Amino acid sequence: MITRRLVPLVTSMVLAAPLAADSQQPGLPLVTPALGDIQAAALELREQPEIVEARDKAIILFKKTRSASLADGLATLEAAVDELVFGVLLGVAANDPCQPRVVWSGNLPYTIGNKTVPGSRYADGPDRIYRSIPVNPAYRYTLTGTRNALYPSLDFSFEAIPPPSLWGMPTDSLQAKDIEVASDGTFTITADAGSAQGRVNHLHLAPGTNAILIRDTLSDWSKQRPNGISVSATVSDQSPGASSMDTIDNAVSQIIATAQSTAGFLEQMVWKNTPNQLTAFERKVDQGMPGAVFAASRFALGDDEVLVIALDPLAADYLAVQISDLWMRSASYDRRHTSLNNQQAIANPDGSFTLIVSRQDPGYINWLDTDNLHDGIVMVRWELISGAPDVNSAVREIQKLPLSELDNHLAGKQRKVSAQERQALLDQRYQSYLFRLSEQ
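Positions 131 to 570 (my numbering) are the ones given, in order, by the sequence shown.
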């Protein structure tokens with residue numbers, strides 16, 4: 131049984147050397163022994179009466195939102211809350227900024243051997259590897275990264291964020307293009323309460339920062355892996371005393387605050403927009419991934435309807451479209467075409483992309499499967515953009531049509547696929563997905 135204990139946020143001591151911490155090396159699976167310990171603690175936390183009560187409160191909160199007014203929203207509500215809760219608990223279970231560990235979350239459920247781990251998706255992307263490190267601005271941190279020599283990720287970034295959980299608005303950001311990487315593929319990032327003052331690869335930890343969020347982007351699932359990451363903390367004698375907030379109280383607070391942030395984001399970013407329409411905008415530092423372009427909207431489709439979306443590439447090295455449920459949880463993407471990026475989709479002759487969103491397979495190569503949803507969320511990301519993006523030209527077309535009119539609308543401009551070809555594509559997709567979990 132988990133006992134109520136103080137979260138060891140800070141300690142008054144002087145260390146001659148940084149504290150050793152968990153590390154993840156390139157080529158090794160994300161599922162490290164340290165992560166296994168964190169997951170076990172999170173699962174144990176999940177059974178505590180206070181956590182069960184917080185989960186119930188999050189469900190009540192979600193049921194008051196407009197997403198719950200739709201059948202698909204209500205049907206996916208409890209499963210979405212369960213993943214949100216487990217994602218929060220992973221962070222809480224690892225919350226020791228004095229002995230930081232690297233936490234992988236925001237992922238699908240998975241089974242390795244006889245061990246099954248619940249999903250922890252919320253506001254996630256299928257091409258992303260999300261990891262976090264607990265921090266406190268009273269400490270100084272050194273992060274050491276290693277690019278995978280054989281299978282480097284397309285992109286990576288580091289953000290300093292405050293609570294709740296991983297929903298806080300970033301206060302500082304380091305993008306791959308701004309990080310100096312040595313010829314051997316290694317890089318070092320410092321993070322503390324001070325400004326850079328000439329230091330390269332420095333992340334400022336503003337007051338209230340409690341985590342560093344790490345994103346790796348995998349555009350080719352079969353040939354890319356996330357960076358190896360290790361972290362150490364140096365504690366000074368100026369560090370304040372221990373926090374009085376205990377683990378369970380912290381978890382309850384984070385669960386409720388994260389649910390509230392999710393509901394607020396949905397209202398502001400999804401429900402205020404017209405269904406089956408997309409308006410792109412450029413992201414700022416406090417929105418995460420500064421300089422990128424983003425668009426999101428609710429889709430509403432009948433059994434025999436499709437949503438045709440034509441996208442301008444905007445000179446972006448990374449363009450991705452995904453389907454999520456009405457709670458911002460990605461649709462299952464390992465065995466279904468619920469997401470496509472510019473490495474997976476087939477471009478038009480002019481470099482643009484035309485995608486077809488529908489419940490049933492329309493028989494075209496760029497199908498975005500809604501995972502049986504009539505109502506959900508479609509999100510688009512343009513990243514690694516050369517020059518200033520023209521957000522007004524990002525979405526060239528978005529139109530709802532009867533499935534029976536799709537052939538005439540496309541007029542032979544996209545390749546058709548048979549049921550057998552589709553199954554082969556799905557089999558290939560699943561094997562590519564497994565690459566992120568394997569050592570080979």
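Careful, some of the hints might be misleading.
Pairs of lysine-lysine residues, derived as DSBU-like cross-links and limited to a Cα-Cα distance of at most 30 Å, are as follows [unchecked claim]:
no. : residue 1 : residue 2
1   : K194      : K307
2   : K402      : K193
3   : K307      : K353
4   : K307      : K402
5   : K543      : K530
6   : K530      : K194
7   : K414      : K402
8   : K193      : K543
9   : K245      : K402
10  : K546      : K353
11  : K187      : K402
12  : K194      : K353
13  : K546      : K530
FYI, nobody ran anything at the bench for these hints, they're computed from the structure.
Every value quoted in this text rests on a predicted model; they were computed, and no experiment measured them.
These are the hints, each one checked on the structure:
no.	hint	result
1	K194 - K307	42 Å, violated
2	K402 - K193	18 Å, holds
3	K307 - K353	21 Å, holds
4	K307 - K402	34 Å, violated
5	K543 - K530	18 Å, holds
6	K530 - K194	29 Å, holds
7	K414 - K402	20 Å, holds
8	K193 - K543	43 Å, violated
9	K245 - K402	42 Å, violated
10	K546 - K353	26 Å, holds
11	K187 - K402	25 Å, holds
12	K194 - K353	43 Å, violated
13	K546 - K530	19 Å, holds
Checked against the numbered hints listed earlier, the structure breaks hints 1, 4, 8, 9 and 12; every other hint is satisfied.
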